[in-house]
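Can you build the whole structure from these sequences, using the hints too?
From first to last, the protein sequence lines stand for chains A and B. Using our numbering, read the first sequence as starting at 1 and increasing by one per residue. Using our numbering, read the second sequence as starting at 1 and increasing by one per residue.
Hints were generated in silico from the structure; no laboratory data involved. Glycine included, every Cβ here is placed at the ideal spot set by N, Cα and C. Every clue listed holds true.
Derived SDA-like pairs: lysine to any residue, alpha-carbon spacing no greater than 25 Å straight-line:
no.	chain 1	residue 1	chain 2	residue 2
1	B	K443	B	Q375
2	B	K109	A	F88
3	B	K109	A	V91
Label pairs and their in silico Cβ distance ranges:
no.	chain 1	residue 1	chain 2	residue 2	range
4	A	R26	B	V460	43 to 51 Å
5	B	L31	A	R26	36 to 44 Å
6	B	L176	A	T2	26 to 34 Å
7	A	I58	B	L176	30 to 38 Å
Reference listing, derived: stretches of chain A covered by chain B, where coverage requires no fewer than 3 residues with Cβ under 8 Å from a Cβ of chain B:
no.	region
8	25-37
9	74-86
10	92-99
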Amino acid sequence: MTMELLIASAIAVLTAAGVYLVLRARTFPVVLGLAFLSYAINLFLFAMGRLVINRPPIYDKAAESYTDPLPQALVLTAIVIAFGMTAFVVVLALRTFLETGVDHVDGHGEEEAGS
Amino acid sequence: MSGIAPLLIAAAVVTPAVLGAAILLTLRHHLDASRLVSLASCLLLTGIAGALVAHASDGTIESYALGDWPAPFGIVLVLDRLSAMMLLLTGVLALVVMSYAVATGMDRKGWHFHPLFQFQLLGLNGAFLTGDLFNLFVFFEVLLIASYGLLLHGQGPQRLRAGVQYVVINLVGSTLFLIGVGLLYGVTGTLNMADLAVRVAAAPPGDQGLIVASALVLTVVFALKAALAPLHFWLPGAYSATTGAVAALFAIMTKVGAYALIRTGTLIFGADAGAAAFVAGPWLLPAAIATTFIGFIAVFAARGLREMAAWSVVGSMGVLLSAVAVFRVEATASALYYVIHSTLAGAALFLVVDLIAYRRGEHGDALTLAPRFRQAGLLSALFFLAAIGIVGLPPLSGFVGKLLILDGVRGAPGAVWIWAAVLITTLIGVLAFSRAGSLLFWKTTEVEGEIPTRALRGPVAGLTAAASLLAALALLTTLAGPVTAYTRAAAAQLFEPGRYIEAVLGDAAGGRR
Numbered sequence: 001m002t003m004e005l006l007i008a009s010a011i012a013v014l015t016a017a018g019v020y021l022v023l024r025a026r027t028f029p030v031v032l033g034l035a036f037l038s039y040a041i042n043l044f045l046f047a048m049g050r051l052v053i054n055r056p057p058i059y060d061k062a063a064e065s066y067t068d069p070l071p072q073a074l075v076l077t078a079i080v081i082a083f084g085m086t087a088f089v090v091v092l093a094l095r096t097f098l099e100t101g102v103d104h105v106d107g108h109g110e111e112e113a114g115s
Numbered sequence: 001m002s003g004i005a006p007l008l009i010a011a012a013v014v015t016p017a018v019l020g021a022a023i024l025l026t027l028r029h030h031l032d033a034s035r036l037v038s039l040a041s042c043l044l045l046t047g048i049a050g051a052l053v054a055h056a057s058d059g060t061i062e063s064y065a066l067g068d069w070p071a072p073f074g075i076v077l078v079l080d081r082l083s084a085m086m087l088l089l090t091g092v093l094a095l096v097v098m099s100y101a102v103a104t105g106m107d108r109k110g111w112h113f114h115p116l117f118q119f120q121l122l123g124l125n126g127a128f129l130t131g132d133l134f135n136l137f138v139f140f141e142v143l144l145i146a147s148y149g150l151l152l153h154g155q156g157p158q159r160l161r162a163g164v165q166y167v168v169i170n171l172v173g174s175t176l177f178l179i180g181v182g183l184l185y186g187v188t189g190t191l192n193m194a195d196l197a198v199r200v201a202a203a204p205p206g207d208q209g210l211i212v213a214s215a216l217v218l219t220v221v222f223a224l225k226a227a228l229a230p231l232h233f234w235l236p237g238a239y240s241a242t243t244g245a246v247a248a249l250f251a252i253m254t255k256v257g258a259y260a261l262i263r264t265g266t267l268i269f270g271a272d273a274g275a276a277a278f279v280a281g282p283w284l285l286p287a288a289i290a291t292t293f294i295g296f297i298a299v300f301a302a303r304g305l306r307e308m309a310a311w312s313v314v315g316s317m318g319v320l321l322s323a324v325a326v327f328r329v330e331a332t333a334s335a336l337y338y339v340i341h342s343t344l345a346g347a348a349l350f351l352v353v354d355l356i357a358y359r360r361g362e363h364g365d366a367l368t369l370a371p372r373f374r375q376a377g378l379l380s381a382l383f384f385l386a387a388i389g390i391v392g393l394p395p396l397s398g399f400v401g402k403l404l405i406l407d408g409v410r411g412a413p414g415a416v417w418i419w420a421a422v423l424i425t426t427l428i429g430v431l432a433f434s435r436a437g438s439l440l441f442w443k444t445t446e447v448e449g450e451i452p453t454r455a456l457r458g459p460v461a462g463l464t465a466a467a468s469l470l471a472a473l474a475l476l477t478t479l480a481g482p483v484t485a486y487t488r489a490a491a492a493q494l495f496e497p498g499r500y501i502e503a504v505l506g507d508a509a510g511g512r513r
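Here it is as structure tokens:
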């Protein structure tokens, strides 16, 4: 029971932090928020294979039951894609800042946005 | 599994992947050679898609198991009437857009245009063919990653700014996609779409809530891709900031969202899905009607031609999805016809606008008074035809498409609203485009002189590419009979998912239903 609670609350906290950061105005917090969201999703996908302890994921003669290996493969794919995308967003955000001089996601500076 | 069809299905995905990589690795510094390979690939894909349409038109559903892993465990590519049609549409559009890009020399404005273009086609073709939900996510990512590169092609501050927003919103969308897929896997233990259809139909009552939740999460994701209000804000900025050719290719990107809505809505969450049966419909319909109004009213308010074209894509997505949201055979058939039309018309409009903006020099695409520009007569005719196409006036196929939709949704709940939305927004669209056209082409004489322009890039070939899309619209109108027969059959096939499931999982599973 405790493990379920820990996993569920970890996903909840990561998602909440991710959503909050994605809604910020500047690109750097947004990139961090996207990273947090992808961590939350990785844990979530992993948990969708049910939480099983001390069971093998692949065929074994001695095994009585198994843990689901598929979510682990899905998580691996998701990690690769999220990693690549994070790198891309960082470069894109940096390039945009260098070219426009503004690091706001909406493309307006503080004086224009009136904040 | 016999004959050449399975090979062709694989080739539709493998060709752009191999050729894209080949261009990137060996032809990076040889522009002419990479153009040649790129055009050859588009031509080949169109040919393959044509053969596949011919193969699917008799109602066969062909399933190709990758690596020969049996169906629910391995990944399958599935060809039915709908996916064959989308492949052909992608092929034709890609061929025209690629010719335009080569003719106007826009592919030399930045690096790696041709490999990115091929990877975009890989993502599109894969998304239309795959029979696996997680694989659909992967192909979505492939086409998005390529689209990020294409969107930024040529760079510039405005494009970069639009690019950041486009990338961030799509990454959030991908996150939601994974939540939806994860939920569905957690409940059913499978990702194969045919297998999902079987298991969702057999799900115990306790799991219905989770299935409905995942259906709605997936609907939000696909609605985001399809630029459905209130998730449409990314589109006008992104499409009006990028180059004309890329925007024209992106005309099919929103249709991927519509395709995924139709596919999952009829197969996984179809009539047999219990509490989740057509659960997206009541949410989609008001949003689609709102999108129609928002899109065409914004066309009226736009300050530039590119913005007009982008907003008219939003508006036509509204018309399209209001027919999809009804989830009836006749309405879906009309929606499929409108998919073909709105893709070609939207792309044609973007190309014509690009041609005009180039010839107006420093005035660009802004709706302001300017001196006469070169080839104004010819371009006014093209603009007139493209506007007729996108708004949906006779004699082009937009009129047929809208008429079919009005007829197809008759008797459905909310049909009155769809009728009102389609008819009123057509009027608004006509007003907006005639105002823009008269400003561009008639009022120019009030200002003295002619705009001095740089030498015209491919003065004839660029025009031909744009004109060929308009010719395709005319062809779509004259061939409306056979095309509607095909879309009707495709819609009928979609609403009888038993055959699809049987083709993927074998007879036993088909019989289980």
